[in-house]
Amino acid sequence: MPVFTINTNLPADKIPAGFLEKTSKIIASSLGKPESYVSVVVNAGLLMTFGGSSNPCAVCSLESIGGVGGGRNNSHAAKLYPHLQQSLGLSGSRIYIHFVNIDASSMAYDGSTFA
Numbered sequence: 001m002p003v004f005t006i007n008t009n010l011p012a013d014k015i016p017a018g019f020l021e022k023t024s025k026i027i028a029s030s031l032g033k034p035e036s037y038v039s040v041v042v043n044a045g046l047l048m049t050f051g052g053s054s055n056p057c058a059v060c061s062l063e064s065i066g067g068v069g070g071g072r073n074n075s076h077a078a079k080l081y082p083h084l085q086q087s088l089g090l091s092g093s094r095i096y097i098h099f100v101n102i103d104a105s106s107m108a109y110d111g112s113t114f115a
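Once you know that position 18 of the sequence shown is 18 in the UniProt record's numbering, the rest is easy, because the numbers rise by one and skip nothing.
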């Protein structure tokens, strides 16, 4: 059930073809979760500032039932930052990623929670 959300002030036409699919594969591989449960959401064209500037930036969250927390987050960041930088042309210093461990009872799929 991993959900990776990217909020960015980049316009939607700057999100390259195949970006969502490639991101989904990276998330699944990094977390060791089936890609069939991964969701990637890009909210583009937002009004945003980062560090007092409206230059291109992204604020992201990776929510997952397990697989995030502690030192694992450094491993995820090491895979996600290069991908975001290369694919979106963003500086690493203009990207935040918030890692969120979700309780299984707080996420539902196909009519029931994962608990």
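It should be emphasised that the hints constitute simulated quantities derived from the structure, not laboratory data.
Incorrect hints may appear among the rest.
[Unchecked claim] Lysine to any residue pairs mimicking SDA-like chemistry, simulated, CA-CA at most 25 Å apart: (1) Lys-79 - Val-100; (2) Lys-33 - Glu-63; (3) Lys-14 - Ser-93; (4) Lys-14 - Gly-32; (5) Lys-79 - Ile-26; (6) Lys-22 - Ala-115; (7) Lys-22 - Gly-52; (8) Lys-22 - Ser-39; (9) Lys-25 - Val-68; (10) Lys-25 - Cys-60; (11) Lys-33 - Gln-85; (12) Lys-79 - Val-41; (13) Lys-79 - Ser-112; (14) Lys-25 - Ser-75; (15) Lys-33 - Ser-93; (16) Lys-14 - Ser-91; (17) Lys-33 - Lys-79; (18) Lys-22 - Gly-92.
Do the hints match the structure? See the list:
Pair hint Lys-79 plus Val-100 holds up; C-alpha atoms about 17 Å apart against a cutoff of 25 Å. Only pairs whose Cα atoms come within 25 Å are accepted, and Lys-33 paired with Glu-63 is accepted, the gap being roughly 12 Å. With a C-alpha separation of about 19 Å, the suggested pair Lys-14 and Ser-93 falls inside the 25 Å cut-off, and the hint holds. A distance of roughly 29 Å separates the Cα atoms of Lys-14 and Gly-32; the hinted pair therefore is violated under the 25 Å criterion.
A C-alpha spacing of about 7 Å is found between Lys-79 and Ile-26, which places the hinted pair at or below 25 Å, so the restraint holds. Between the alpha carbons of Lys-22 and Ala-115 the distance comes to roughly 29 Å, so the proposed pair goes past 25 Å and is violated. Taken as a hint, the Lys-22 and Gly-52 pair is broken in the structure, with Cα atoms around 31 Å apart against an allowance of 25 Å. Of the pairs offered as hints, the one joining Lys-22 and Ser-39 holds, with about 12 Å between alpha carbons and a cut-off of 25 Å not exceeded.
Restraint check for Lys-25 and Val-68: the C-alpha separation of about 16 Å stays at or below 25 Å, so the hint holds. A hinted pair counts as satisfied when its Cα atoms are at most 25 Å apart, and Lys-25 with Cys-60 qualifies at roughly 17 Å. Of the pairs offered as hints, the one joining Lys-33 and Gln-85 holds, with about 24 Å between alpha carbons and a cut-off of 25 Å not exceeded. Proposed proximity of Lys-79 and Val-41 is supported: the alpha carbons are some 18 Å apart, at most 25 Å.
Proposed proximity of Lys-79 and Ser-112 is contradicted: the alpha carbons are some 31 Å apart, above 25 Å. With a C-alpha separation of about 15 Å, the suggested pairing of Lys-25 with Ser-75 holds against the 25 Å cut-off. The straight-line distance between the Cα atoms of Lys-33 and Ser-93 is roughly 28 Å, outside the 25 Å bound, and the hint therefore fails. Of the pairs offered as hints, the one joining Lys-14 and Ser-91 holds, with about 15 Å between alpha carbons and a cut-off of 25 Å not exceeded.
The suggested pairing of Lys-33 with Lys-79 holds, with an alpha-carbon distance near 15 Å, which does not exceed 25 Å. At most 25 Å may separate the alpha-carbon atoms for a hinted pair to count; Lys-22 and Gly-92 meet this at roughly 19 Å.
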